[in-house]
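Chain B: place on chain A using the hints.
Number of protein chains: 2
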Amino acid sequence: MTANNRQVLLASRPRDQVSEDNFRIVETPIAQPGDGEVLVRNEWLSLDPYMRGRMNDVKSYVPPVQLGAVMVGQTVGEVVQSRDAAFRPGDKVLTSLGWQLYGVAKARDLARIDATRAPASTYLGPLGMPGITAWFGLHEIGQPKPGDTVVVSAASGAVGSVVGQLAKISGCRAVGIAGGSAKCRYVVEDLGFDACVDYKAGSLEHDLSESCPDGIDVNFENVGGELLDTVLRLMNPHSRVVLCGLIAEYCATEPYRYKSLRAILVKRIKMQGMIVFDWKDRYGEALQQLVALFAAGKLKYRESIVEGIDNAPRGLIGLLKGENFGKQLVRLA
Amino acid sequence: MTANNRQVLLASRPRDQVSEDNFRIVETPIAQPGDGEVLVRNEWLSLDPYMRGRMNDVKSYVPPVQLGAVMVGQTVGEVVQSRDAAFRPGDKVLTSLGWQLYGVAKARDLARIDATRAPASTYLGPLGMPGITAWFGLHEIGQPKPGDTVVVSAASGAVGSVVGQLAKISGCRAVGIAGGSAKCRYVVEDLGFDACVDYKAGSLEHDLSESCPDGIDVNFENVGGELLDTVLRLMNPHSRVVLCGLIAEYCATEPYRYKSLRAILVKRIKMQGMIVFDWKDRYGEALQQLVALFAAGKLKYRESIVEGIDNAPRGLIGLLKGENFGKQLVRLA
Chain A
1 MTANNRQVLL
11 ASRPRDQVSE
21 DNFRIVETPI
31 AQPGDGEVLV
41 RNEWLSLDPY
51 MRGRMNDVKS
61 YVPPVQLGAV
71 MVGQTVGEVV
81 QSRDAAFRPG
91 DKVLTSLGWQ
101 LYGVAKARDL
111 ARIDATRAPA
121 STYLGPLGMP
131 GITAWFGLHE
141 IGQPKPGDTV
151 VVSAASGAVG
161 SVVGQLAKIS
171 GCRAVGIAGG
181 SAKCRYVVED
191 LGFDACVDYK
201 AGSLEHDLSE
211 SCPDGIDVNF
221 ENVGGELLDT
231 VLRLMNPHSR
241 VVLCGLIAEY
251 CATEPYRYKS
261 LRAILVKRIK
271 MQGMIVFDWK
281 DRYGEALQQL
291 VALFAAGKLK
301 YRESIVEGID
311 NAPRGLIGLL
321 KGENFGKQLV
331 RLA
Chain B
1 MTANNRQVLL
11 ASRPRDQVSE
21 DNFRIVETPI
31 AQPGDGEVLV
41 RNEWLSLDPY
51 MRGRMNDVKS
61 YVPPVQLGAV
71 MVGQTVGEVV
81 QSRDAAFRPG
91 DKVLTSLGWQ
101 LYGVAKARDL
111 ARIDATRAPA
121 STYLGPLGMP
131 GITAWFGLHE
141 IGQPKPGDTV
151 VVSAASGAVG
161 SVVGQLAKIS
171 GCRAVGIAGG
181 SAKCRYVVED
191 LGFDACVDYK
201 AGSLEHDLSE
211 SCPDGIDVNF
221 ENVGGELLDT
231 VLRLMNPHSR
241 VVLCGLIAEY
251 CATEPYRYKS
261 LRAILVKRIK
271 MQGMIVFDWK
281 DRYGEALQQL
291 VALFAAGKLK
301 YRESIVEGID
311 NAPRGLIGLL
321 KGENFGKQLV
331 RLA
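Chains A and B supply the protein sequences, listed in that same order.
Mapping to our numbering: the first sequence position 8 is 8, numbers consecutive.
Mapping to our numbering: the second sequence position 61 is 61, numbers consecutive.
Isolated chain A (complex conformation):
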């Protein structure tokens, strides 16, 4: 156990692209837990696209990260010291302690994880927020029926990879959109999608239309911009768009300007935005199903790992550019 904690703070707000200058790394003493609190040593930090939004000084569905504060994020870690009856040293836990090596959390803000059942890091991926997001977004908003064609962007990513596998389990045709032939190959060959379109190939509308001969019934949107605008034109009457992420817009100074909204009227499309927090009372329900699928070998995943907290900023910058391949993590211990 090192004597000090190490934290990544938000030092300045990016105008468009994030740079390493926007962060500051500091050493601080390790805090001591009070009554009902627990000291956790973080082992894995999750990097996610939503973090870009939290760096802006704009009230979104949650407040922004304050300048000088520790960057937000979920981690999995091990209890080092506990002043609450519910946890003991050695327990593996899921936390919201953010970008730091150690942190003190209230016991009620921690969830115990079973690292014997699945690797601890998967509780930040297919068995964590990304998997739960895929579960509720696809089932509650997308409402896929057997035989439907489900399209998902960022298909090799933490959310997209689960969406496509769940769509296959629901008896659908799963078509991914990803950047580059390596990711597309992985999506089809390893994850079992029926097809995957490389948006970098420059003929998205044509390629997508070839991969979706019966049109699109459900679009699970993680990217937005040109991708969403194109998908809308290929959607079927009474189809559904799960608007989960708009990563293409997060670093832009100007919002993308969509021209295909008329399709929503003419095709009577339902488009609905989602934030996984809206189902927080039902996480257990999704998790139980995801764990069962995982145990049965039906939920494949891939991780993109950055080593050490000092590299977390670079990990996020890469993620926002689509340089990750699978769930982006930082190994902290």
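None of these hints come from the bench; they were simulated from the model.
Don't take every hint at face value.
Which copy is meant is left open, so a pair is good if it fits within one copy or across any two.
[To be verified] As a list, the in silico DSSO-like pairs of lysine-lysine whose alpha-carbon atoms are at most 27 angstroms apart:
1. Lys321 - Lys259
2. Lys300 - Lys106
3. Lys200 - Lys300
4. Lys168 - Lys92
Frame of chain A; chain B shown alone:
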């Protein structure tokens, strides 16, 4: 009874704005009904924004009007001659005979109306397609709860005027958007909306935000373009957009480019397109309620009447420019 029928045909397809050159008026013999058919003398022709879409050579939810064919539209008229047991001369009927003085329809394509209960023309307005559109769109997609703020564009129009009155009946705050102070005054003073914003005043976002101090829970969209883009920014979490019409786009050569889609994600808005035909098996249910409200004096309306079939093209052109004030009709007899 004149010896001849008079019809308005689609002569050419408009590129953007409709002009009178796009139509041709012809005299033809009056057709004779065969078995199971009825000859109707049309009294009122309904003009509606959807007609603009039908003038394009684009497969939408229904095929376009063919060049040289009679322009489509609903009418109310009187049965002149019947070769079906279900109708007798003198019966008032709702038809889809389009822009002509006389027409032969299959009996099963006609609906009898009760012109003693409400003026015949109201079956093209508050008790017709526009009223039924308002009913299902607001209730099934908008799902307003008491206390919600409901915004509707084209608020003095055939659909919008009913939406706002139904919203008031549901215990909501009804806020209209209309063009010009006369329409806005009518919407508040005669229709009983809580407020109406004049989009021509040039400060839409500010004015709308003042009229909706608690944000917007339901937006019933008839216009689109800048109006919809502005409304999206003022919507509340978990609010609903009923996408019923995009009249602002119908005559544009280029689609409007929306920049506020991110609001749909962040606020978890549900936006859904609608065409009233999707509820065709349930029209009776809506009509029954609308007739009861009408009889109770709770459904006020206003008509904008063009005289004579030769003026129908001019009526449609005016409607597409927002020059009508209330339900646009053509008096044919």
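Status of the hints after comparison with the structure:
In the homo-oligomer, the alpha carbons of Lys321 and Lys259 lie at most 27 angstroms apart both inside one protomer (24 angstroms) and across protomers (22 angstroms), since each shortest distance falls under that limit. In this assembly of identical chains, the alpha carbons of Lys300 and Lys106 never lie at most 27 angstroms apart, being 33 angstroms within a copy and 59 angstroms across copies at closest. With identical chains, the CA atoms of Lys200 and Lys300 are at most 27 angstroms apart within one copy only, with a shortest distance of 24 angstroms there and 55 angstroms across copies. For the homomeric pair Lys168 and Lys92, neither the shortest alpha-carbon distance inside one copy (32 angstroms) nor that between copies (54 angstroms) is at most 27 angstroms.
Consistency note: the structure conflicts with the earlier hints numbered 2, 4.
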